[in-house]
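*Asks:* Letter by letter, the chains look like this.
Protein chains: 2
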Amino acid sequence: MNQYSDATATEINEAMVAAKAAAAVMRKTPLKKRAALMYSIADALENNGDELIHVAMAETNLPEARLKGERGRTVFQLRSYAKACEQGTWLEATIDTAIPDKVPAKPDIRKMLVPLGPVVVFGSSNFPFAYSTAGGDTASAFAAGCPVIVKAHPAHPQTSEIVAKIIHEAVKLNGLPTGVFAHLHGASFEVGKALVMHPNTKAVGFTGSYVGGKALHDMANQRKEPIPVFAEMGSVNPVYLLEEKLSADAEQIATQYAGSITLGVGQFCTKPGLIFGIKGEGLDRFMSELSKQIGSMQPGNMLHAGIAKSYQKNKDNALAQDGISILATSSNEAVDNQGAPTIAKVKGKDYLSNSLLHQEVFGPYSLVVECEDADEMLNIAESMEGQLTTTVMGTDNDIRFSELLFDAIADKCGRLILNGVPTGVEVCLSMHHGGPFPATTDSRFTSVGADAIKRFARPMSFQNFANHLLPLELQNENPLQIIRTVNDVLGNGIV
Amino acid sequence: MNQYSDATATEINEAMVAAKAAAAVMRKTPLKKRAALMYSIADALENNGDELIHVAMAETNLPEARLKGERGRTVFQLRSYAKACEQGTWLEATIDTAIPDKVPAKPDIRKMLVPLGPVVVFGSSNFPFAYSTAGGDTASAFAAGCPVIVKAHPAHPQTSEIVAKIIHEAVKLNGLPTGVFAHLHGASFEVGKALVMHPNTKAVGFTGSYVGGKALHDMANQRKEPIPVFAEMGSVNPVYLLEEKLSADAEQIATQYAGSITLGVGQFCTKPGLIFGIKGEGLDRFMSELSKQIGSMQPGNMLHAGIAKSYQKNKDNALAQDGISILATSSNEAVDNQGAPTIAKVKGKDYLSNSLLHQEVFGPYSLVVECEDADEMLNIAESMEGQLTTTVMGTDNDIRFSELLFDAIADKCGRLILNGVPTGVEVCLSMHHGGPFPATTDSRFTSVGADAIKRFARPMSFQNFANHLLPLELQNENPLQIIRTVNDVLGNGIV
Chain U
1 MNQYSDATAT EINEAMVAAK AAAAVMRKTP LKKRAALMYS IADALENNGD
51 ELIHVAMAET NLPEARLKGE RGRTVFQLRS YAKACEQGTW LEATIDTAIP
101 DKVPAKPDIR KMLVPLGPVV VFGSSNFPFA YSTAGGDTAS AFAAGCPVIV
151 KAHPAHPQTS EIVAKIIHEA VKLNGLPTGV FAHLHGASFE VGKALVMHPN
201 TKAVGFTGSY VGGKALHDMA NQRKEPIPVF AEMGSVNPVY LLEEKLSADA
251 EQIATQYAGS ITLGVGQFCT KPGLIFGIKG EGLDRFMSEL SKQIGSMQPG
301 NMLHAGIAKS YQKNKDNALA QDGISILATS SNEAVDNQGA PTIAKVKGKD
351 YLSNSLLHQE VFGPYSLVVE CEDADEMLNI AESMEGQLTT TVMGTDNDIR
401 FSELLFDAIA DKCGRLILNG VPTGVEVCLS MHHGGPFPAT TDSRFTSVGA
451 DAIKRFARPM SFQNFANHLL PLELQNENPL QIIRTVNDVL GNGIV
Chain Z
1 MNQYSDATAT EINEAMVAAK AAAAVMRKTP LKKRAALMYS IADALENNGD
51 ELIHVAMAET NLPEARLKGE RGRTVFQLRS YAKACEQGTW LEATIDTAIP
101 DKVPAKPDIR KMLVPLGPVV VFGSSNFPFA YSTAGGDTAS AFAAGCPVIV
151 KAHPAHPQTS EIVAKIIHEA VKLNGLPTGV FAHLHGASFE VGKALVMHPN
201 TKAVGFTGSY VGGKALHDMA NQRKEPIPVF AEMGSVNPVY LLEEKLSADA
251 EQIATQYAGS ITLGVGQFCT KPGLIFGIKG EGLDRFMSEL SKQIGSMQPG
301 NMLHAGIAKS YQKNKDNALA QDGISILATS SNEAVDNQGA PTIAKVKGKD
351 YLSNSLLHQE VFGPYSLVVE CEDADEMLNI AESMEGQLTT TVMGTDNDIR
401 FSELLFDAIA DKCGRLILNG VPTGVEVCLS MHHGGPFPAT TDSRFTSVGA
451 DAIKRFARPM SFQNFANHLL PLELQNENPL QIIRTVNDVL GNGIV
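Protein chains in written order, with my numbering: chain U, 1 to 495; chain Z, 1 to 495.
Misleading hints may appear alongside valid ones.
Stated by the list, open to error - Derived lysine to aspartate or glutamate pairs resembling EDC-like cross-links, with alpha carbons at most 16 Å apart:
1) Z:Lys224 x U:Asp442
2) U:Lys28 x Z:Asp407
3) U:Lys102 x Z:Glu426
4) U:Lys224 x Z:Asp218
5) U:Lys32 x U:Glu86
Rather than coming from a laboratory, the hints here were simulated on the basis of the structure.
All chains should be modelled from the sequences, with the hints used to inform the complete structure.
*Replies:* Structure follows, in structure tokens:
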């Protein structure tokens, strides 16, 4: 499918040399101008019409409505991070004025975030717009003041080319050096490796599989100068069904989850892949209704042949484990690139003793784990690995009696949902899309929401600078009117 | 000297098991109570009288006044991070309320920082109080809500024991589980390794050498679950003398730097170890005055025999390189554990071609590099590795004509000082004590100032929680009166 050839070592080096030169310009590019670049990209994406959508449909098998929605989200992200960028609160500008008569004298010190330098972005296959070429990582890096080098995802190279062209034009339109953005193809592992290992690369953003993200993380740490890698590596997104709630709402929860498991043919990193309940009448009703709904669903086209094949393989693998039984699957067989919605069931003790069942099966599959009792459910929660999300379905009573369960969950997840579904990741400041390893490589950062900018910036202090020599963000008069902390007081501080 | 035996594997495991249990309690311990623990430690340290000082004097060779000052700084750090802890701004609490009529409906989402879990702290030899047992890393971790396991520095084990006893008593006094704090000895590498590799360890704080910090960082990344390591690994702290300034103030700058280089027998991580000037009359006057002053100084006692020996060896190594000449050294020879203040000189081209000269010599030594011209100085700045600090001595005119130099410097340092000295690290919010690798293992965090707390915390989102089920920090009424962002507005927001 990929009609583009892999970038050569020379092309990679040229891009990285240009990025380094552009980094010095971007660092000094005012916040408003960085934002202008991002608004230009957003406008052009929005006005690009249907060509892009049609190309993406052909490359990803995603339906038109979904792709239009995702483009809208990508435009929203660009605008929302651009707005955050120019507001400047994320800079964490902090000023402590001099105290000359302190012993020893306290000098004037001012701090703000500065860009890390060139960021290599690896697009994801399941979000051809929102987590690809002009997606969240690219928007975050531009806002932080970093040049971006995108390695196009080989599953949608033409979509990526069209978006890259939009970015190149926006860079030009805004009078920035061309090195601010580069777009390279690379179906082979070697291109990604060369980009991560290049000395001019200062950070990496990645959304994809555990194997891919962990490999990049390890490479980055083996460099002479290790660099930060933010890899979002997916998640099984456990759901705990508590008893009173289950008893009251089994059918309604089943309906919610049938939708969440199969949304986008199960190809979201927040798809609920494990559902825990305590055996009994409520769980039986839940499984019965979930089975009914899943059984009536049709197989859907997955992103590409490789993903469909992996889904079938990983699902077959899971279903072949001891103690597993299929609860429901689509009545129609999956053909070509399709994936068939499937629900299986296992007992808690079989789940606990088999780590294969703890792993993500990317696609419309979920495993219901029937726990013997609350203790077993607690054991399971304590043995859980790091997750992007965890969901609890419970009444106030359920929650009151589940303190230990909540303690266990709190250590293992980035976002905790009560009485909802994990799919649907709002783009807003309060969203944390991240989580303890192996959900991501650094639980202290998010890849969704304007705080994602902070992945690509670092604090720097300026000591004893005359006012006119300081960056505008730190000057006495607060000419950019950003929110700053001045002598420990947060506000629109003027010195 | 070390009368304490290394912790056994069993002792290490017991400490880590207790720390894990304590982590669940600490996470739910209110901010005010965490702060109370820190205030208790500060009070007890302050009121501990002279025994601690005398023990530390015997173990570190540091003079009484310096140790009393450092204890004062440690007490100030504990109180200042405690105050930040209870004020809660560092939590970055963020609330986005639900928008039910959005399509799809936007749920209520609220985010705040939560503790990472047990933090292993490696004390430094050169700050027996401020970066050891009850030092900045311990204070940061407690404020974040993390249990702390300190590996005592083998150069001052008895000092560390006394401080540990103070912390144990404060933990008890405040009704917290004993597992909140553990103190272990370990002269061997194995103890440190076992602590970093233990599955219950969730983060590491370290202040010390490059070799030590890098080894811990690599170990942490080889774990099944990699964990963040903040290692502050020292710095050469380059100083650039620009021409107009040098011409006007050569002697005054020399006096400032003679003091800064030899402060605390050169045993600060911010000691200026490289001084760059362009050849000419100004630099000659600077070198002449610096030589006069350094030549008249006496050798001082270093922290311990190992450090004195390393200083002599590393200095001899540097002085044996091609093109190096000694400008001045103390007229008295160094005996026993002493280190003799020494200044050497080399030409820019010899410096550029010899990477040994780029490395830190820990002790009262600095190398003046005579550059041929501004281009050579720029080449040098561009080839520099990451640094905690960089200093420029320059007039406005000098600065105006040095844009490229500033561009190069900006990428390489955590704190940029104009017309000052790098020694003297103020404890305040605007202080960034960190920097690009190899100064630290993560340029995005600081080990000084209350922002140091953020090394040991991560964001977590709570979605669709009823108000009474939320942590107090995120409840509608803002019962803790912390500064929060509510629907994108920062302030004392009530929902």
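*Asks:* Decide, hint by hint, whether the structure agrees.
*Replies:* For each hint, the structure was consulted:
no. : hint                : in the structure
1   : Z:Lys224 x U:Asp442 : holds (14 Å)
2   : U:Lys28 x Z:Asp407  : holds (9 Å)
3   : U:Lys102 x Z:Glu426 : holds (11 Å)
4   : U:Lys224 x Z:Asp218 : holds (12 Å)
5   : U:Lys32 x U:Glu86   : holds (5 Å)
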